Each structure stands twice: as structure tokens, then as C-alpha cells.
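Q: One-letter residues, chain by chain:
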Amino acid sequence: MNAIAALSPYSSSAGKANSERHTLSVLVDNEPGVLARVVGLFSGRGYNIESLTVAEIAHVERWSRITIVTTGSPAAIEQIGHQLERIVPIHKVVDLTLEGRAIERELAMIKVRGKGENRVEALRLAEAFKAKVIDATLESFVFEITGSPKKIDDFVELMRPLGLVELSRTGVAAIVRGPDAS
Amino acid sequence: MSKQMTGAEMVVNALKDQGVDTVFGYPGGAVLPIYDALFQQDFVQHVLVRHEQGAAHAAEGYARSTGKVGVLLVTSGPGATNAITGLTDALLDSIPLVCLTGQVPTHLIGSDAFQECDTVGITRHCTKHNYLVRSIEDLPRILHEAFYVARSGRPGPVVVDLPKDIQFATGMYSVQQNVQHKTYQPRLKGDADKIRQAVDMMAAAKKPVFYTGGGVINAGPLASELLRELVKLTNFPVTSTLMGLGAYPASGENWLGMLGMHGTYEANNAMHDCDLMIAVGSRFDDRITGRLDAFSPGSKKIHIDIDPSSINKNVKVDLPIIGDCAHVLEDMVRLWRSQDRKVDQTALGEWWTQINQWRERNSLGFHNSKEVIKPQHAVQRLYELTKDRDTYITTEVGQHQMWAAQHYHFEEPNRWMTSGGLGTMGYGLPAAIGVQMAHPESLVIDIAGEASILMNIQEMSTAKQYKLPVKIFILNNEYMGMVRQWQELLHGGRYSSSYSEALPDFVKLAEAYGAHGIRCSDPADLDRAIQEMIDYPGAVIFDCVVAKEENCYPMIPSGKAHNEMILLDLSDDAGLEIGSIIDEKGKMLV
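First to last, the protein sequences are chains A and B. Mapping the first sequence onto our numbering, position 36 (from 1) lands on 21, and the numbers just tick up by one. Mapping the second sequence onto our numbering, position 67 (from 1) lands on 981, and the numbers just tick up by one.
Here chain A stands alone, though its shape is the one from the complex (with noise of 0.2 Å):
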């Protein structure tokens, strides 16, 4: 009887085969609640955010940067674009994943607390990461980390037996290589 209900009439099954993961840039005139306008327009039509940053550029401009890492398929990927496109106060979307040369950085704060061997491992493992102590007391350390997100991760994943207490992360920023705006 309800074979035709049953059916999502209209849902594409294209969107969820072959998922991936792209660094969008989008550059926004920072005005009031233009940061909304993204983060509504991902909740509203049910796209991913994995990671979201944003900071002014330009100063006198008014620009910001909105760095947004997001999962789909490539249709849903295009589509993020082009509404994102659609949101009139901002100037630019790039897909750095398509530009394919772009390099990604967050910075993470990392808290661990620890006495005798695990805070000299803990250390050890910093230096070898290059994470810079930021904050010590006698049981406890705060390390700054830039890099890679997994590369983050994995530090993360070391320091969580050796007693992980917080943690903090920027987020992706992302920008192309070589001599050209993206």
C-alpha cells in the first residue's frame, strides 16, 4: 500500500555514495551576521561542517576569511559553492581542494598534567613534535602545537595516556601555494 510513501520520492542516492573532504576559503565582507548567514546555510540544507575559522584579514577593508573543511560527494561539494556564492556579502569561494595545492594549518593548545616519568615523557614527545611549552607548573603543562590536523591528531593521541586534561584547537587555515592568490 505504501510502497510510494516508503519511497523517498525525490532523494537523490548520488549524495551519498563517494563522500569527500574539501577546504573551502571564502571570502566574506565582515559585517554582523555574515558568519550566520554560512553556519545557517550549512544547518539549513543539511551540509557538513568538520571545521570552521574565521578571523578579519584586512583591516581597513573589512574583509574576513571563513575557512570551512567540509565532507560530500562532488555534486554536494559544487552545490556548497554555489550557495555559498549566493550569500551577498561574500566576494570569493575557492575550493582549495580542487586547486589542489593548498596547505592547511591549525594551531591546538594542549593541557596535560602528570608526575615523574609520564611528564618527562610528555615532553619528550612535545620536543619531538616541535609543540613549545606555553604554560608549567609542577605537575602540569600547556603545549602549543602547529601543524597538519592529523598531525595534531596524532599528538593528541599521545598525550592522551599520559594525562590529557584539555584541549583546545583553531580549526583549519588553509591557503594555495606558490606566488598567486587563490
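Keep in mind that the hints are not guaranteed to be accurate.
Below, simulated EDC-like cross-link-like pairs (lysine to aspartate or glutamate); rule was C-alpha separation at most 20 Å, straight line [unchecked claim]: (1) Lys1230(B) - Glu112(A); (2) Lys1146(B) - Glu1167(B); (3) Lys1301(B) - Glu1325(B); (4) Lys1096(B) - Glu151(A); (5) Lys100(A) - Glu151(A); (6) Lys1096(B) - Glu5(A); (7) Lys1096(B) - Glu106(A); (8) Lys1230(B) - Glu16(A); (9) Lys1096(B) - Glu46(A); (10) Lys1096(B) - Asp14(A); (11) Lys1103(B) - Glu70(A); (12) Lys77(A) - Glu46(A); (13) Lys1462(B) - Asp1439(B); (14) Lys77(A) - Asp1221(B); (15) Lys1284(B) - Asp1304(B).
Label-pair restraints from in silico Cβ distances [claimed, not checked]: (16) Lys930(B) - Asn3(A): 22 to 32 Å; (17) Gln1099(B) - Ser133(A): 28 to 38 Å; (18) Ser1375(B) - Val45(A): 51 to 61 Å; (19) Ala43(A) - Arg1110(B): 51 to 61 Å; (20) Thr1097(B) - Asn3(A): 26 to 36 Å.
The set of hints was computed from the structure by calculation and includes no laboratory data. Given the structure is predicted, the values throughout are model-derived calculations rather than measurements. In this text, a Cβ means the ideal position worked out from N, Cα and C, and glycines have one as well.
Add chain B to chain A, keeping to what the hints say.
A: This is chain B only, laid out in the frame that chain A set:
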């Protein structure tokens, strides 16, 4: 020339400078300064609606019938939230609106003040763009920018939220001409290479079809003319979405009728079997495509649209052309002409033979009756008796809307106002008021259902106040007919809450509002009654009592393909209809 004035005066001056002669609105505490400024001038006429949703739909009707930006003015809080449905409606149907909302003074924002709501937050998702004006210096720019954004590119609604202290503040106002937005500059011209490719594909096509939409209407009357010219040059068949009716004349030889869920057999089959689809200003909506993986499987698809996000959204196309329909069609016509392109006559002839066979199925046919007025017949008679007049049609939403689309025929663009994307019951009466304000001498008819009309019936007072002779033609079947139809077809005939109980007496209701009421239930009396409605100089509510359980066919059930339509069996004199689309597959024509 710069002039010092208050924020409220700037609003009124900006309206004037934008050529706005009519504003639909409702006053309240947070917009009193603007109402005061309106009171002291006579260029902009304010039309007092009875509910802010009515203001939004009236502005839509005004916009769609004139091609201009529609304007509404509402107060903060409930004024703004009441307008939301109309704004969303305008967003989905790409109607240019500027909605001016009052707001509590800036120092009270965020304090849960009386009649405060986060208007820009709430309307972010249902507008093309919105502004909260924070300083008087920004106001002139924002006002003019709002009009630019509303009408440029793919049109849509724009909200300007005006705190009361900004309305009182004084600043310098100057006329801003040719506002150029720093980031928003939609592309109008299509890519020349792609247009060349499109023309090549059209010349090589054996089974082509034009699939046109509301974008052609939005691109202005020139786009419709160019479409007609291109159709004439190529002799390709043309179908249209609900929103695009009138761009190509219904009397045109190449017209297949509307396509989609309640479109004609020939239009949907042509879409399914074509080898080249030329989508012009249409967006492959789910009412159009039916089941996506079975949508026009064998065709190459050209898609002309001003909005890049419409491309490949639902259906992957082969050749996207980003640009304004009028510009792209103009280039196509010129190229076709200058290169003296020819179509494949033999193949096209065979294609037309096939199409004419589909036409013979007479998919809009129905069993007429001498005892009871059939709703399709009522629309047909309304059409016959009004077609030679200067007529505008609006509708509510439901079966009557589809029957109007099927049986009322449009020769020109901007004559047909309906809520397509959002499907807003209650749209038709306020929209008719907006149309009538813009075209005081024309015949404006809201083809309505008895359920829909009650959703904004309060606007009868507006019609009365402004002496607007709108005609409300209610196809009264005492059911929310489309809901009932789906319940019949999909839910075993369990008519859960779809019966219109406790209806008012529409004739008395008309009289209560100072209008004229007509009731007709006799097919033999229908023409006379319709003529009485047309001839009456004021507003009319026509209670057309029609067959109660008539279904709207043809129909592509949801989840089915274009070639899986349900059609009424016309050969059966008993007038039996298909009871269940699931169990009686044999009756589904493939």
C-alpha cells in the same frame, strides 16, 4: 543633491526615488515615525492590510504583475513574524520584495523589549538578504542597496530592519543612482562559447523540448518575446512550469501545456522521451521531475539560469549557461538567425507526430455533468467568459490551483500569480489586492478553494476600504481537496481532518464585508452567474458549489516517473475514476 532629514523621511524619500507608488503595510509602535512621514506626503500610497501576511502577498501580487519591486511596511515583533510566510513564499518563487520592519530602539535590542524579536536572525533563512540598520549614516545606502539586491540576479525578498531611534535620528540623504553592490554583481550575459554549443545541439536535435519556468517571466517581457521567437524559428515544442505560464502563449501551436505532477500527458511524455531538453529559467523542482533517476533518461540537457546554484542541484545537466534568460535567448536567436541554422526537419516531423498522438489522449479531459458543476468546467467557463478582457488571475493552493493552471489559458506573462514553491494557502486574495492596486481598471480574479480563502479572508476589509473590485471565485467542494485526493489515493480514503466543516455562508460573508455574494450550484446557471460576477462593479465572493470528490488528473504520483502518469479513463461513460494507483497498475498508462 544632499539634504538633511530624519531616518523616517529618508525611508519615504528612498521609496519615492525608487519609483515606489504603493506600499502595503500595517502600523505599530516601532514604525510610527515612518507612518508619520507617509502621512505628510502623497507620492507613496499606503495600503492598510488586515494582517501582515496579507501585506507580503499583496506586495508579491503587485511585483509579479508589474515586474517592479513590491514593498511592505510592518512593525517590530509580531508585525515581522506575521510577514515571514510571505517572505518565504517570495524567496521560493523569486519575487522581488523589500520588507521594511520596525525594530525597538538600538539601546533596547537584546533586552527582550516589548514587541522585540530578532528580525534579521529570524528572516536570514527566508530572505535573499537582510539588514539591521545601526546608524543613520548607513541608512540611505542600505535602502537603495535593498532595492538593488531584491531585483537583481535571481530576484527575492530583502528585509531592512529599522530601529525606532534610527527613524528619529537626522542625517544627510542623497539620491543614489545606479547602486553597485561591492560583492553582489550577478552575471547577465551568457558565455558565448556555450551559447554556440547550445545552438549546435539544437540544430542537431531530433526530439527537442523547451522546458521554461518562472525565470523567463522574471527576466521581463522581452524574454517572453525572445522565447516565442526562438520557438518560432525552431518549431520546437514548448512546455512550462506552473510559475512560467504565459511566457509562451497557450494558444501557440507549439504549446504542450504545463508539465509536472499535474501536467499534461504530452508535456510529460515529451520531457521523458526527448533527446534534447532546453531548460530556460526553470529549476528542476521535484513537482517537475518526479522520480529523479527516471527523469528524462535519454536526453542531453541545456540549462539557462541566472543562479549558478540551480545548475546541477537536482539534475545533472550537460550544458549549463549562467545568465539572464533575456540576454541568453537574445544571443541564441541572433546566432540561429545569423548562421541561418536549420533543424532536422524529418526527425522533428516524426517527433511532432508522436507528440500529436499523445495530445489525442486528451489528458485534461473530464466527465462533465448536467447535475453538478465540475470544477474543471467552472474554470473553463470562467476562462471563456473572461479571456477577451484585461484579466489577471491569482490562486490559492490546492486542487483549484491546478485546475486553474490546466484550464485557464494565459497568452501573456505577468498575468498569472500563484504560490508555486512554498504552496501557501491564503496567497490568492491578498495577491489579488496587490494586483488590483497596480491595475485598477483590470479584471482581477482569485480562483480559490473554500479552505484556502479562509486563511486570509480578513483582507476583504482591505478590498472594501480601497474599493478594489477583486473577484473571488471559490471552487467549493467542502474539502481541502488536494489533501482529500492524496488521502483517497494513498491513505485508504481515510479523510482525516480534510473535510471543511462549519463553513461560513460565503454569500452572507461577502455581504458582511460590504461585497457582493453569488452562489451557484447549477451547471445551467453557471454562465449567467459568472457574468453577474464580472459585471458587478465591486468586490465579489462567488461560491461555486462543485462536485465534492473530483480528483485532479492527470497526476504523476510522487516517486513515479513522467511516463507513469495516472490518467482519467475517459472511455468509461459511468465516469469511474481510478480508485487506487497502487492496486490497479493496469490503469496506469505507461
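Q: Compare the structure with the hints numbered earlier in the document and write down the numbers of the violated ones, lowest to highest.
A: 1, 4, 6, 7, 8, 15, 16 and 19
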